[in-house]
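Asks: Here are the chains, one letter per residue:
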Amino acid sequence: MKNSSPETQESAVTFENMNGAYKLSVLKSMLRIRMVEEEIAKRYPQGKMRCPTHLSVGQECVPAVIGTLLSESDLAVSTHRAHAHYLAKGGDLKAMLAEIYGKQSGCCKGRGGSMHLIDEKVGFKGSTAIVGNTIPIGVGLALSQKLRGKNDITVVFLGDGAIEEGVFYEAANFAVVKKLPVLFVCENNLYSVYSPLKVRQPQGRKICDIASTIGLHSQEGDGNIVAETHRVLTTAIDVCRQGQSATFVELHTYRWREHCGPHYDNDIGYRSEAEFLAWKERDPIELYKTQLYKAKILDAEKLQVMIRQLETEIQDAFQFAETSPYPPSEQAYSPVFAQGVNINIAEVANG
Amino acid sequence: MGERSLTFAQAINEAMHLAMEKDPEVLCYGLGVDDPKRIFGTTKGLQEAFGEERVFDMPTSENGMLGIGIGAALNDMKPVMVHQRLDFFLLAMDQLVNAAAKWFYMFGGQRSVPITIRLMLGRGWGQGPTHSQNLQAWFAHIPGLKVVMPATAADAKGLLLASIFDPNPVVFLEHRWLHHQEGNVPAGWQDDVLGKAKVLRTGTDITLVAISYQVVEALRAAEVLQSVGISAEVIDLRTVQPIDWATIEASIAKTGRVLALDTGALTCSVSAEIVARSAEKQFSLLKTAPARIAMPDFPEPTSYGLTKSFHPDARNIVTQACKMCCVTEIEKALNSLTVPEHHDVPGEWFKGPF
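Chains as they are written, first to last, in the working numbering: chain A, 1 to 351; chain Y, 1001 to 1354.
Next up, chain A with everything else stripped away, as it sits in the complex (with noise of 0.2 Å):
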């Protein structure tokens, strides 16, 4: 086994001593996810969100645990499902929903959509479209800070599919090279699109061992189980905070939903829905539930209280995006330049 996490020290912090309020903290990101999501994909057909949209149902378990190992001062960058890692990482649930509704409350005031989040508040740097686009985005934020000195990191999302694009191998060998503090978070789904990995990278090679090779400190784990997640994800946390090494984890998943837009397409023929309902068995959600429920951290009351809460929480931030008004649309040709002098040339100017 190539994957260096063996020889890497376990971190103190294991999942299984966490206490209970932190374990349902994980649970209530996961289910917010999620029933932001389904609400999404609920209201979708109504056609007021006009703009491709990306769920990350079913791949609750990642965001939700990264999101409660980061600090705010950590930065993150996404891809086009990014709805799931802006949620986790403290982004602004309201300015995301607006943003879907093409509305001037949105976190772009309506210009960049569900593939474009940002909030900067919280170390979300950006979410863009094209695939692998912010891989070296991150790279670069990761150098910043390590030239600033800083104990922060940068994580880095990613598919499978975007192991397949050439910028994953110059960025991931740079920071490499520089022992950079950024950590590669690769969800593989399965799909690129409707292009299953199978036909896309040589089956028994696995993606984290790429990564391995390239040197980055490499690990793979189950996505959908939150303990695994929670261990794979600290040991890499560590690794990268202590500065020993840029680091890689392979996360395995699930989208449940199509690639693009808010329904089921199990019978659209590029994949079986008995594949499908295989991994809705291994529900990260349910799978979580009932670890919570035997561990009797979690009850069904606890269990009504989290949702009740989540579903006021979700419906205020639609009813939010619903009723906020669409900018004008003379701001379409709002400056595509930032103005000033990005110095303090009085300064100059005087000495």
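Hints in this document: simulated from the structure, not taken from any laboratory.
In silico DSSO-like pairs for lysine-lysine, Cα to Cα no more than 27 Å straight-line:
| id | chain 1 | residue 1 | chain 2 | residue 2 |
| --- | --- | --- | --- | --- |
| 1 | A | LYS294 | A | LYS280 |
| 2 | Y | LYS1037 | A | LYS178 |
| 3 | Y | LYS1196 | Y | LYS1254 |
| 4 | Y | LYS1287 | Y | LYS1323 |
| 5 | A | LYS146 | Y | LYS1022 |
| 6 | A | LYS121 | A | LYS150 |
| 7 | Y | LYS1022 | A | LYS150 |
| 8 | A | LYS42 | A | LYS289 |
| 9 | A | LYS178 | Y | LYS1022 |
| 10 | A | LYS289 | A | LYS302 |
| 11 | A | LYS178 | A | LYS146 |
| 12 | A | LYS48 | A | LYS94 |
Among chain A residues calculated to face chain Y with C-beta under 7 Å, some are:
| id | residue |
| --- | --- |
| 13 | CYS108 |
| 14 | HIS116 |
| 15 | ILE118 |
| 16 | ASN133 |
| 17 | SER144 |
| 18 | VAL167 |
| 19 | GLU170 |
| 20 | ALA171 |
| 21 | PHE337 |
| 22 | ALA338 |
| 23 | ASN342 |
From the three backbone atoms N, C-alpha and C, an ideal C-beta is built for every residue, glycine too.
Based on the hints, put chain Y in the right spot on chain A.
Replies: Showing chain Y alone in chain A's frame:
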């Protein structure tokens, strides 16, 4: 502030030193920035003065390394990326077009990308199809990019400083045939602005709007045109995005004739934009159809033989200007132009290899 004579390349180098000294967040990187040749001398002394963290060589990864610069810029660094040939930078179009150019507008105007990308373009000495492309029009076509093309040593310094401290992504295009050109360059800090052209020679009969190396040819042509009674005004555009329309339009209003000079291929060129705009906005002021001189719509071949008449120069400008001004003494004018012995070098001192 005294004036000294510096080459264009030395002026670039001086601007880099000043910028890095002034602002610790300015970085300089690119393939070969610390190698023995120091990018034609333009990065000389930088690593010694500012250290290996701020001045660094890079893997041969044009797209990834541009993205890395963009990421650093998104966290308030001011990277200056360098490529010895524009053509290699074509591998970085995703990061340039989909990230750097879009970020400010797309994310609602909350975060811009203060990166400067120095690209060298050129011609001659058999550079051939993939080492000589002048693609300024590509970059100028993308909303969100500034495109700078200095022609003089003083502007190379002033415009590079302005580019580095501009909050937006700037593509800074240096013509290899200008690197050796000398000019007076004020010492010390130099304030300049992007988007402002300069009138290098005033005239009343025809406006020559030139960019980059074509400014040199335009000035040569203007001198000769004077001898046949044509008073040519020469505008050095300096930046091709944004274009300083006010300066161009004021000049055309005076002369009624415009000839746009480009170092790139003719079709969809910067010169095409100038001709189109003058026809749209100043039609009734024009005494003759606006015209342009640019590269033929062919890849630049390598052979000394094939390139003999490939690049339009002062001779083409003189001929065209005489026609536009209805002056028939074209032969007389051309005879007074000095023609270099070899068409493929900026001067006899140039012995290659690139």
